[in-house]
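S.K.: Chain residues, written in single-letter form:
2 protein chains.
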Amino acid sequence: MVERRTPISIAEAVEKVMKHKLTGHVELIPLEDSQDRFLAQDIVATNDVPHFNRSPYDGFALRSKDTSEGSINNPLEFEVVEELAAGMVSTIPVQKNQVARIMTGAQMPAECDAVIMLELTKEFEKDGKKYISFKRSLKEGENVSFQGEDAKKGDVLVKKGTAINPGIIGLLATFGYAEVPVAKKPIVGLFATGSELLDVHEPLQPGKIRNSNSHAISAQIRRAGGEVRFYGKLKDEFELSYVAISTALEEVDLLITTGGVSVGDFDLLPDIYQKIGADVLFNKVAMRPGSVTTVAVYNDKFLFGLSGNPSASYVGFELFARPIIRTMLFSEYPHLRKETAQLAEDFLKPNPFSRLLRTRLFYESGQLKVIPSGVDKSNITTSLAGANSLTVLPGGTRGFQTGDFVDILLLDDQEGSNWPW
Amino acid sequence: MVERRTPISIAEAVEKVMKHKLTGHVELIPLEDSQDRFLAQDIVATNDVPHFNRSPYDGFALRSKDTSEGSINNPLEFEVVEELAAGMVSTIPVQKNQVARIMTGAQMPAECDAVIMLELTKEFEKDGKKYISFKRSLKEGENVSFQGEDAKKGDVLVKKGTAINPGIIGLLATFGYAEVPVAKKPIVGLFATGSELLDVHEPLQPGKIRNSNSHAISAQIRRAGGEVRFYGKLKDEFELSYVAISTALEEVDLLITTGGVSVGDFDLLPDIYQKIGADVLFNKVAMRPGSVTTVAVYNDKFLFGLSGNPSASYVGFELFARPIIRTMLFSEYPHLRKETAQLAEDFLKPNPFSRLLRTRLFYESGQLKVIPSGVDKSNITTSLAGANSLTVLPGGTRGFQTGDFVDILLLDDQEGSNWPW
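If you're matching them up, the sequences are chains A and B in order.
Residues 1 to 421 (the working numbering) make up the first sequence, in order.
Residues 1 to 421 (the working numbering) make up the second sequence, in order.
Chain A with its partners taken away, still in its complex shape (with noise of 0.2 Å):
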């Protein structure tokens, strides 16, 4: 007998999942290390930046009160008394009518409050002693920057849950944290179903497929911050199948499986949920590709039973695991990011049911614009190869036009939405 599913809307099913969120935990790592990964707490500055004042150019240092009658008329000469290097500190006081001459970064000598740029003075020497001159007046306060001027010390930089991208490794650096507190990876487990399933490396055969969904749920899973554990291929037999995944259900946050959740006589998942034990939120959602989708719960651990199908696990696993994945690593905007874009070709054909079109996202004149990224059936992988974006187009009795504006959910994207449906 074929069982009656009631589909639930996209929105209902992903609440479901997110009224089960887990925790993430902490782990100190090397900076080295750390780059794509997510902080753990917010960055605060450790000390002033810069911690204290310095010559932003090449120059001289001097007091600025000493300037006040220089002009264009009127030369001034200064005696050269010392020369800082970055790195260096002051150790003859500069006095009046005297400089240091100073390099990029170097600390100011603690007499002085303002630099005078090198390709504005002229160096001469007179009774051995070096000398410079030049024709203007100088404020308290130029060319200086200014201890603190960029971070105060307990400033929050950046804040917990975020990607570490380049800027912030160097600022990392700058603040001295020699290891980073980071998101723990969620250890998501993954297996795929199938008696059909060949690997990569065999030869095709009668009936049988290559086993894609595996490799490409494993780059998912990277791309979202979480750890892969693949257990393997899974024939289409209960008992094996219930103990492999019961089993690895022990090591894992998450587990995924691929196929075997529709209501064909050799999908196994249902019947592996029920005797788990495990609570399953949901078995079927108004969408296409991927309404099989299946997630349950048990003690604390996800099990996402996605399709066999390319489109479909691609699919449900962006909705549904990447916010369980990303609220683990401290997101506050875990799902998928969703922006507003216009559609640069028709899609007239009505859908009953909401579908997430494979597509391809550019600019236009500053303008987001979608196009399909291939031709959208759910059996078909190469569209999923060219797509940086899902298009969200709702059910209904009516298509979708050239111009039209439509939500779409960015695959590529590190920031996120806190909620987009």
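Don't take every hint at face value.
Any copy, or any two copies together, can satisfy a pair, since identical chains are not distinguished.
Claimed, not checked - With a Cα cut of at most 27 Å, we get these calculated DSS-like pairs of lysine-lysine:
hint, residue 1, residue 2
1, LYS139, LYS349
2, LYS301, LYS235
3, LYS338, LYS369
4, LYS130, LYS235
5, LYS160, LYS369
6, LYS284, LYS122
7, LYS184, LYS19
8, LYS159, LYS19
9, LYS159, LYS369
10, LYS349, LYS152
11, LYS135, LYS349
12, LYS184, LYS301
These are calculated hints, taken from the structure and not from any lab test.
Start from chain A and add chain B according to the hints.
M.R.: Coordinates of chain B only, in the frame set by chain A:
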């Protein structure tokens, strides 16, 4: 004496660099390790997909000509002669008024040309045999996924130089690429120069700062697709620095130094280039930050002399070193991707030189907008952390206002531009 340098435009500088571009190399790596690497050749379909006619639904495979009389008033009865799970191959020929139960993804029996979906049928038994009935006719090809309808053997599916995303990984698996030809990562050597630099773990000292540039640039190198070889810090001592740099140059494709390229008394790089015999392409660019950026070539190797200033080195890397790295990764679009965006804030101060503003890009109803990501002085690290774009403000006598359209360069994008200037 102050050396007078003649600044050239950004476009001219980039052009000089790209004239000397380096050739990439190919390596074969396991599929599991290929994520985010760059394809060294086009991906070609090694077989049709699907490689056999298959059923996209759970249902019954049949010969459409046997259903021509079926209608709401004329239910048809068919005998079920076999059950085909995905991966199985039909062994009993389906004859007149017979069907084979078929699961999603299973190969069609050779005699059959259509599938009736499970939910449109009633199952029953008669004389110990299984039967179904349904009330409609089917057309030839109805509910069949035909061999090659997704991809035909020989089709070029993804172009050389493309970054490998999860969808492409799925495609590679589908076509049996257990090993993937990718571009070797260019080896990028890195030195920090300057006696003022402390290591990240060291406590601050008067006049000294922690070395943040090497860490940020390392992350930029990795983001661009290169492999970092960090050679450490160099004090401002000529002979030591010359030996270290000329030795390292033998071991890398590109060598980056930060600091020491200005005209200060401790800026040693210009003399080191001379002693090596490197051809200096330029040593001053009409831009802020990064005007003192120097690029030299020697024996098919690049020497990038970036400023010691964090923002200037960041920008110098992205404009001049990134396209060389991406060219070695076979990209046809090696430069930062250029798009148009609207300023969401005034930037009224005119600049004599082109300015590369660190900006935060966002969307408003699908329109790209940018705001400065922090206080935009070239010594300010914090604005780099929040920047996802550089906004190009051409030099001139006027400032820029909210709503003005400006060119932006995207920092986190994998597509790139072939010539943004």
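S.K.: Each of the hints needs a verdict: does it hold here or not?
M.R.: Going down the list of hints, with the structure as the test:
Taking identical chains as interchangeable, the C-alpha atoms of LYS139 and LYS349 lie at most 27 Å apart only when they sit on different chains, with a minimum of 20 Å there against 71 Å within one chain. In this homomeric assembly, LYS301 and LYS235 come within 27 Å of each other (Cα to Cα) only inside a single copy, at 23 Å, whereas the closest approach across copies is 54 Å. For the homomeric pair LYS338 and LYS369, the shortest alpha-carbon distances inside one copy (14 Å) and between copies (16 Å) are both at most 27 Å. For the homomeric pair LYS130 and LYS235, the shortest alpha-carbon distance between copies (26 Å) is at most 27 Å, but the shortest distance inside one copy (87 Å) is not.
In this assembly of identical chains, the alpha carbons of LYS160 and LYS369 lie at most 27 Å apart only when taken from different copies (25 Å versus 32 Å within one copy). Taking the shortest alpha-carbon separations for LYS284 and LYS122, only the inter-copy value of 22 Å comes in at or below 27 Å, while the best intra-copy value is 81 Å. With identical chains, the CA atoms of LYS184 and LYS19 are at most 27 Å apart within one copy only, with a shortest distance of 21 Å there and 45 Å across copies. Proximity of LYS159 to LYS19 under the C-alpha cut-off of 27 Å is restricted to the intra-copy arrangement: shortest distance 24 Å within a copy versus 42 Å between copies.
Taking the closest pair of Cα atoms, LYS159 and LYS369 come within 27 Å of each other only across two copies (22 Å); inside a single copy the shortest separation is 31 Å, beyond that limit. Taking CA atoms no more than 27 Å apart as the test, LYS349 paired with LYS152 passes between copies only; the shortest distance there is 26 Å, against 58 Å inside one copy. When the C-alpha separation of LYS135 and LYS349 is checked against a cutoff of 27 Å, the pair qualifies only between copies, where the shortest distance is 26 Å, while the shortest distance within a copy is 77 Å. Only within a single protomer do LYS184 and LYS301 lie at most 27 Å apart by alpha-carbon distance; the minimum there is 16 Å, versus 40 Å between protomers.
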